[in-house]
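Read top to bottom, the protein sequences are chains A and E.
Position one of the first sequence corresponds to residue 62 (this note's numbering), numbered consecutively onward.
Position one of the second sequence corresponds to residue 15 (this note's numbering), numbered consecutively onward.
Everything labelled a hint here was simulated from the structure, so no lab data went into it.
Any given hint could be a false lead.
Said to hold, decoys possible - Once the Cα atoms are required to be at most 16 Å apart in a straight line, the calculated EDC-like pairs of lysine to aspartate or glutamate come out as:
1. E/Lys109 - E/Glu158
2. E/Lys283 - E/Glu266
3. E/Lys372 - A/Glu234
4. E/Lys66 - E/Asp51
5. E/Lys372 - A/Glu227
6. E/Lys66 - E/Glu255
7. E/Lys378 - A/Glu234
8. E/Lys319 - E/Glu522
9. E/Lys63 - E/Glu255
To be verified - One side only, chain E facing chain A, incomplete, derived with CB under 8 Å:
10. Leu395
11. Pro397
12. Pro408
13. Phe411
14. Ser434
Here the structure is a predicted model, which is why all the values come from computation and not from measurement.
Every residue, glycine too, gets a C-beta built ideally from N, C-alpha and C.
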Amino acid sequence: MFDLKNLTVSAGIGLILFALFLLCALFAPLIAPFPMSQIAGDVWGPLSSTHWLGTDNLGRDLLSRMVYGARTTIFIAAMATALSFSLGAILGLMAAVVGGLVDTLMSRFVDLLMAIPTLIFGLVVLAVLPSNNVTLILVMGVLSSTRVYRLSRAVAVDINAMDFVEAAKVRGEGLGWIIFREILPNALSPLVAELGLRFIFSVLFLSTLSFLGLGVQPPEADWGGMVKENKDGIVFGIPAALIPASAIATLSISVNLVADWVLTSTASLKGGRE
Amino acid sequence: MMVKVRTKPRREPDILLDIRNLKVEATVYSPGEKPRDVTIVDGVSLLLKRGKVLGLIGESGAGKSTIGLSSMGYGRGGVRITGGEVFLNGRDILKGGVRDLRRVRGSEVCYVAQSAAAAFNPALRLMDQVVEAALLHGVGAKAEAEKRAVALFTKLRLPDPKSIGCRYPHQVSGGQLQRVMTAMALCSEPDLIVFDEPTTALDVTTQIDVLAAIKDAIRDTGVAALYITHDLAVVAQVSDEIMVLRDGKMVEHGETQQIIKAPRMDYTKALVSVRSIEHEEKGPTPKPLLSVEHVTAAYGGGAVKVLQDVSVNVQPGQTLAVVGESGSGKSTLARAITGLLPPVAGSITFADRTLTPKLADRSKDDLRQLQMIYQMADVALNPRQTVRTIIGRPLEFYFGMRGKERDARVTELLDEIEMSKGFIDRYPAELSGGQKQRVCIARALAAKPKLIICDEVTSALDPLVADGILKLLLRLQKIEDVAYLFISHDLATVKAIADSIAVIYRGEVVRYGSKTQVLTPPFDAYTDLLLSSVPEMEVGWLEHAIHGRRMESAGN
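Chain A on its own, in the form it takes in the complex (with noise of 0.2 Å):
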């Protein structure tokens, strides 16, 4: 299904971003030449043969930050995603099989987790809540796995009136298998397209707190932090905040590209051969 030689050219490229990406965010230690923290120079000094993208607000080398950066804006953003995927999906459809009151019940709460905007609902949870990156994970989570729900649901709803889904319930199989091995297969390629999707705003959402004051904490380094710290430098014509920006751009590109490609390569109902 997943056959490189399949491969696009733009999922080729999607592909490899996404791996430059991830192997910066693995082996942070080992690439970034300035320990995190560390003010290593002038305030906001030029790009040079020793800082390679320049330095910050507070003189901290921007390469060694953008890539300590990279580590806790993907695994935060991975983590929100996968938390709201499991749970948008699983009781999506859920809802969608057993129907009912089941149904209403679930459907009509998430309805009012929606109706809050989600900036202000995280926001204000966000501000009560003792601020790390557990608590973070948990809000963005479950505020995205709204989305993800009413897609799910939405979707399933459709498979579940199909005769092969009343053939498995007249077998008398379990919820278990109706759910996994009859309606997600269905179901994959809305939910992959949505999960490339979903994780951008999970690195949007993120980078807007950590703007705004309310994700990562400082001294940890996050791009949308690090657009705050260096926003005012803009003005002074230091391209100190477009760096993370246009990471941020980036990462959202490359993984909707790959995303694209495992939405096309997981239509097939051939198995991919033919």
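Place chain E on chain A using the hints.
Leaving out everything else, chain E in the frame of chain A:
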């Protein structure tokens, strides 16, 4: 030169449509492969005289619709006419440009589609759609066209012909809509109408009405027609000549009488002899396997009663056929027995045990012994599972078989349904319609059931494929001693395989007994209507059947 329809000279050659060496191709884009061209129609020629009807017959994929549409210079869904000539009224319409084609379509040639419900614009009144082509081609003023439409509605025996045009498509039944579409085709007074399976989607009892209406309309207006269908008995009623097609090539062409009485080619012979299955009726046994007693079932919490006080028995190792029109409640009976729709009243006894009304309360063994096969094999198989998983799952689930043991049994089952071991890793999308239905049968058999409910299992299949499935079912019944509850609207099929028959009409059993009892006169009015509506391969059957009817069909 273009000749306008209105100013057509009255004296003209006898030949209306002359297709020579038609070749139609399409490009197939399969993923991971270079696009390649496939030939859909290969070197077909035909000649149609004014006022005559030519029947095009063949299985799905034979190219009959493609040929029909080529008479108006149209290729559906990326299909290209790559060779040959299509002479209509003496000029090659393929040579002219788009403008010429537009002038031909809807004025000289009209088209009647299979699914009338999908062919009408649901947002417009019927009358506006019926007269549209006539107005577009300037065949007359609006009032004149509408008057002609009303006359056609009357001729096609539509109820309330004066005002039916004011209705929207959803406000008339399927059979009526099909007749309205015929009126639409006739309204612009064309020389040729292409009928593309106009009665295939209809119930038998409705089909006969529509068929008779179409036949009368063709006779009275003197229009020529290409009649496309896969049912030889239907085409025998309306056409003067029949052309048999297979895989885009002509198999045989001749007068209707010759084709159905003395076919020359083997393929035609197979088509003609379809449904001539010999099945010896078995007598009743002391104890029925399944006994449905006074079952009443309803949707919407008891608001809509679909089944009323139904009692039938299925004998072990025998077949009970449940027959009725669509909406008669026959599929609901299946849902009530399987527990998908718990009945409101009545009881169901299966192998000496009373089945609980709800599916969730039944024991695994009860579930195993009662299996089901569906009408649409396409949606009854999970497209994301291979044949191995589909057939293997019941083995795993009911008998705890795993690995090699399970695969060996799957291979055995594949062998029983006459499919080779090579199919084990295929996905449903890689199987033909008949193969899919066979896999469904194997899945049901894997559970070693005592009873299989077959819900219209052959209705969606081509006649020859359906024949194969019926023979397979009969053979399996002999080997496995399994009983069938066979739901169908097709009496010809039922005659071929049933031991006893229950006729259902509006949720009630109107006639029930052994096959011979049910099919021996005197009949009640509904059974008579059903029986007399099954097309027979006999020229002149239609007039005879219409004449002898005692009861009007519901007109669904």
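Hints, one by one, checked against the model:
1. E/Lys109 - E/Glu158: Answer violated: E/Lys109 to E/Glu158 is near 33 Å, above 16 Å.
2. E/Lys283 - E/Glu266: The given pair, whose Cα atoms are some 11 Å apart, holds under the 16 Å limit.
3. E/Lys372 - A/Glu234: Cα-Cα ~14 Å, so holds.
4. E/Lys66 - E/Asp51: violated (35 Å)
5. E/Lys372 - A/Glu227: This hinted pair holds, its Cα atoms lying about 14 Å apart.
6. E/Lys66 - E/Glu255: holds (8 Å)
7. E/Lys378 - A/Glu234: holds (10 Å)
8. E/Lys319 - E/Glu522: holds (10 Å)
9. E/Lys63 - E/Glu255: Judged against 16 Å, a Cα distance of about 11 Å means the pair holds.
10. Leu395: holds (6 Å)
11. Pro397: holds (5 Å)
12. Pro408: It holds, given that the least Cβ distance between E/Pro408 and chain A is near 6 Å, below 8 Å.
13. Phe411: holds (6 Å)
14. Ser434: With a closest approach of 17 Å, the E/Ser434 hint is violated.
When each numbered hint is compared with the structure, violations occur for hints 1, 4 and 14.
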